[in-house]
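K.L.:
Sequence:
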Amino acid sequence: MQTLLAIGLFQTLLSIFLIFDLGSFKINKSPMMLMLILLAIHFSIKSYILLILKDEYMFQYYATCFTFAYGPLILDFLKMLYNKKRLSKLHFIPLFIGFTIYLYIGVMSIIYKEIIYLDYYFQYISWVMVPSILGYFGYIFLWLVQLKKYPNAFVKWMIPLSAILILIVTTAFFKIIPIPYLRTFTYITFLLIAIQYLRYELSLKESVSLWKKNQKIESSPEIIIKEEQTIEGSKKYERSSLSKDQAETIVKRITQYVERNRLYLNHELSLSDLAEQSKTPKHHLSEALNIHLEKNFYQFINEYRIQEAIRLIEEDPSRKLLHLAFECGFNTKATFNTYFKKTTGNTPSQFKSNHKENSLNV
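The sequence shown begins at 1 in the working numbering and counts up one residue at a time.
Rather than coming from a laboratory, the hints here were simulated on the basis of the structure.
Treat the hints loosely; a few may be bogus.
PhoX-like mimics (lysine-lysine), calculated; alpha carbons at most 25 Å apart, straight line [as the list claims (entries may be wrong)]: (1) LYS205 / LYS244; (2) LYS205 / LYS252; (3) LYS356 / LYS341; (4) LYS333 / LYS352; (5) LYS295 / LYS341; (6) LYS156 / LYS85; (7) LYS205 / LYS352; (8) LYS205 / LYS79; (9) LYS356 / LYS333; (10) LYS79 / LYS89; (11) LYS279 / LYS252; (12) LYS205 / LYS84; (13) LYS84 / LYS175; (14) LYS113 / LYS89; (15) LYS149 / LYS113; (16) LYS156 / LYS252; (17) LYS85 / LYS320; (18) LYS320 / LYS341; (19) LYS148 / LYS252.
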């Protein structure tokens, strides 16, 4: 156990350092960073009790209350990835209540040197932790399995890791395996979650770096080409085989499909890909967009990307624009800047600066 605690503490602290090194973070906007910090504190307390105080009994029965936070924080992060409504602060009430009781029990145990406080604490805290872990990670497991579409490897990993936590807690409830072994398995699982999140952040940084190297700093010719394609497309489809009603129906269906699956975040998405995924003939899809929306495919998709960029800037103005552009699905910085200014009337930097000023004035 000493080795596992040392590895866990080292890994969480290293993860925090590396992720902070990637750029500025706001804790309230980065639930997984807050989880890493709590996990580091968790391992620190357990290490202190076991290695410094050398109190095996206290180590076993003085359960930290931070477990109440892990489920809500991970779920909140997943909600952010899927652009869903984030969790309210009410989900963290058990953490604050548990932390208050945790401190009280610790002080009383030290003052009176009585283990009865730890016995009562462990007995009742376990009954509360079990439904908390089962509830949050059970929901995460069922929700992700139902979605079937995962934006990154971290989300994919949360399915088996959630299942493992559910199995561990269920096993603990029926007392099938001794508690020390269950605690070891739980620590390993949370450590794996931390490692997967670090991999997610590092892979994002690597992708952005490659993207930055490959992009052209000067104005991207694809903008001009695609604008010309729209004009040519409008003339081309003047004698379209699709009626206005048919074009409208296709556009409505495609719009719902793109929004539901957030396809615009895919850098490699093409007209052919969208046509194949939506089971729509490619020429009909192109015609419908030109006739009904007077836009070509790239204008249609990039407008969604700009809306996503605006949402992310408003949510956290401290985010780096280059990372943000990549996350929103753009292949070049020039394309991002051009479409952003065309849509909002400001460059991304100007929009970000204005939003910061407005936030300070509120």
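K.L.:
Please list, smallest to largest, the hint numbers that this structure does not respect.
P.N.:
Failing hints, ascending: 1, 2, 13, 14, 15 and 16.
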